[in-house]
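Chains as they are written, first to last, in our numbering: chain C, 1 to 267; chain S, 1001 to 1368.
Honestly, I wouldn't trust all of these hints.
[Stated by the list, open to error] Just the calculated beta-carbon pair ranges, DEER-fashion: (1) L1298/S x E66/C: 48 to 58 Å; (2) Q1041/S x D46/C: 54 to 64 Å; (3) S141/C x L1155/S: 43 to 53 Å; (4) N1134/S x D150/C: 21 to 31 Å; (5) D30/C x G1144/S: 50 to 60 Å; (6) G38/C x G1144/S: 24 to 34 Å; (7) R114/C x P1292/S: 44 to 54 Å; (8) Q1041/S x A130/C: 27 to 37 Å; (9) D30/C x L1298/S: 57 to 67 Å; (10) L1223/S x R114/C: 49 to 59 Å; (11) D150/C x T1187/S: 52 to 62 Å; (12) L1064/S x G38/C: 53 to 63 Å; (13) L1223/S x D150/C: 52 to 62 Å.
No wet-lab data here; the hints were simulated from the structure.
Computed from a prediction, not measured in an experiment: that's the story for all the values here.
Using N, Cα and C, we set each Cβ at its ideal position, and we do this for glycine too.
Below are the chains, spelled out letter by letter.
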Amino acid sequence: MTTTPTATATPVLEGRGLTKRFGHVTAIEDSNFELLPGEILAVIGDNGAGKSSLIKCLCGAYTPDEGEILLDGEPVQFRSPIDARALGIETVYQNLAVSPGRDIAQNMYLGRERRKPGVMGSLFRVLDKAYMRDHARQQLSDLGLLTIQDITQAVETLSGGQRQGVAVARAAAFATRVVIMDEPTAALGVKESRRVLELIKDVRDRGLPIILISHNMPHVFEVADRIHIHRLGRRVAVVSPESHTMSDTVAIMTGAMVVSPEEGGTP
Amino acid sequence: MVSDEKTTDDRAERRPTDQLAAAEGIAGSAVGDVASFEQSQSPLDRLQRFLHSRPLVSPSVVLLLAFLFFSIAGDRFFTATNTSTILAQVMIIGTLGIAQTLVILTGGIDLSVGAITLFASVVMGKLAVGWGWNPWLALLFGIGIGLACGAANGLLVTRLKLPPFIATLGTLSVFGALAQWFSENQTLRSTDVQEQASNLLWFGRVWEPLSGFRVTYGVVFMLLLYAFFTFALSRTTWGEHVYATGDEPETARLVGINTSRVLLSVYVVAGLLAGLAGWLWIGRIGAVSPIPIVNANLESITAVVIGGTSLFGGRGLVLGTLIGALIVGVFDSGLSVLGFEPLWRVFAIGVLVLVAVALDQWIRRVGK
Chain C
1 MTTTPTATAT PVLEGRGLTK RFGHVTAIED SNFELLPGEI LAVIGDNGAG KSSLIKCLCG
61 AYTPDEGEIL LDGEPVQFRS PIDARALGIE TVYQNLAVSP GRDIAQNMYL GRERRKPGVM
121 GSLFRVLDKA YMRDHARQQL SDLGLLTIQD ITQAVETLSG GQRQGVAVAR AAAFATRVVI
181 MDEPTAALGV KESRRVLELI KDVRDRGLPI ILISHNMPHV FEVADRIHIH RLGRRVAVVS
241 PESHTMSDTV AIMTGAMVVS PEEGGTP
Chain S
1001 MVSDEKTTDD RAERRPTDQL AAAEGIAGSA VGDVASFEQS QSPLDRLQRF LHSRPLVSPS
1061 VVLLLAFLFF SIAGDRFFTA TNTSTILAQV MIIGTLGIAQ TLVILTGGID LSVGAITLFA
1121 SVVMGKLAVG WGWNPWLALL FGIGIGLACG AANGLLVTRL KLPPFIATLG TLSVFGALAQ
1181 WFSENQTLRS TDVQEQASNL LWFGRVWEPL SGFRVTYGVV FMLLLYAFFT FALSRTTWGE
1241 HVYATGDEPE TARLVGINTS RVLLSVYVVA GLLAGLAGWL WIGRIGAVSP IPIVNANLES
1301 ITAVVIGGTS LFGGRGLVLG TLIGALIVGV FDSGLSVLGF EPLWRVFAIG VLVLVAVALD
1361 QWIRRVGK
């Protein structure tokens, strides 16, 4: 239980009573969420449980119909992922993390390209390529990813794990508050998954809290400090990997087991 | 209820590394290996990677070999006169090729560039010669028509969400018909154009740096356009966003690129370039004619494809298109110097297109 952060800290990112409906379908209803400083919080749930909708509300892709989102205790409203990003929340998307034909440095700075100083940059929008290459290289080496030799090689020439590494490095480079990762290991082999999990822990150890959405229980149990379990559109429990086993967790997720508040259940 | 009967059996399960190893069937010792993402490479892999990172290599090699072959095989090929003729013939397709490259880089296609060129050229001619407008104003208006046609294409693609192929197939007919209507199917003779609007013929003027090697102003202008767009695509945020939009539109949107605005800008610039090509076209034929520019659309696409730009978007260089257009020009001229009928030139270009697309498919599979 030692790694569980104290419950008294102000959550970095908090959702209160979040509800999102699509026509007659309610994706999430009166759902709460808390991410504490410096933790890896795994979000798990069966298909259709609403974890995806919850995360999309938190990263700005959806606007919740009801409820509020607080960032460091302050209420915020996101109209798009760009809004969330401006406030320091970076998301690594499952299949769309990188632009395959662009090189590593270009991917790191995609959508927020650094321009040359002066009139060349402001009026003619000329890129500062040297700056972007140097900083991209720096960022990758900080995360121990410099097995990638050439910063100007297209991302599609990299292996799946290296690509995910670039996406994680980008998120870590620009996030100031939260990193959200949607199934970062889903498409990877065993070894590459391990490497990406190590990376996730590295990022956490540098002080950034992480929301990890994953279907892979062993991965969740390896890296998560706490596990948020979503079921039928709401949070049913937050458990710690030390206090609960994988089979408990799956049982809670599928409704085979009900959790008391003392055990992390959320009424 | 979570029970307290969790026994010590479960404790073993709580050690994460063991859980992972057990669940995935790997040994604990594998942990040490994972720090590197190693790749093994065969010579073929290396060639694939080389061509992937240097997209100009294969078209350059083809151009060089074709040039050498025809120079050796036909003694009338490598002469100053013939080389200038090839450049002059490449001028229109080369310019439209830039427009086509931009659109293809976004994953689209523009079938209407030839029709816009024709429309712009007849507007320039008719306003200046037929209606007696100030020839420079007529010229600007014609280029503006090109820009407006491009904007129409762009709005069809971004607002009505029509597939670019269909949108520009439609506007190909519309702009072509408008050109016929506006020109009233009349050709403006060279002498009339020369008298009333000699500026429209400006790109047909000749600069002769070496005896017999005659470069038209239009060719020089086309080369300047290539330099400009090479810079714009590789060195500005606009270029970066054009590539990103064609590469993976959804990713581009998620990182905050306004892909609709990028697409619209590309079609507008393509229209502008086609408008400028209208001016070049008048200089090339020395008159203003409502006769459609034969194969302008398809040949511009051919130049782009042979030049190594991927039809799937996001990969390619305008300089490749220049090489592609020159390849077409060299085959054209070379085969005719060797006495082949024109049909064999069509045949050869067709084979080149197929080889180029097959090569692109292979190169794109790099890393898979």
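Which earlier hints can't be squared with this structure? Of the numbered hints, 2, 4, 6, 10, 13 do not hold.
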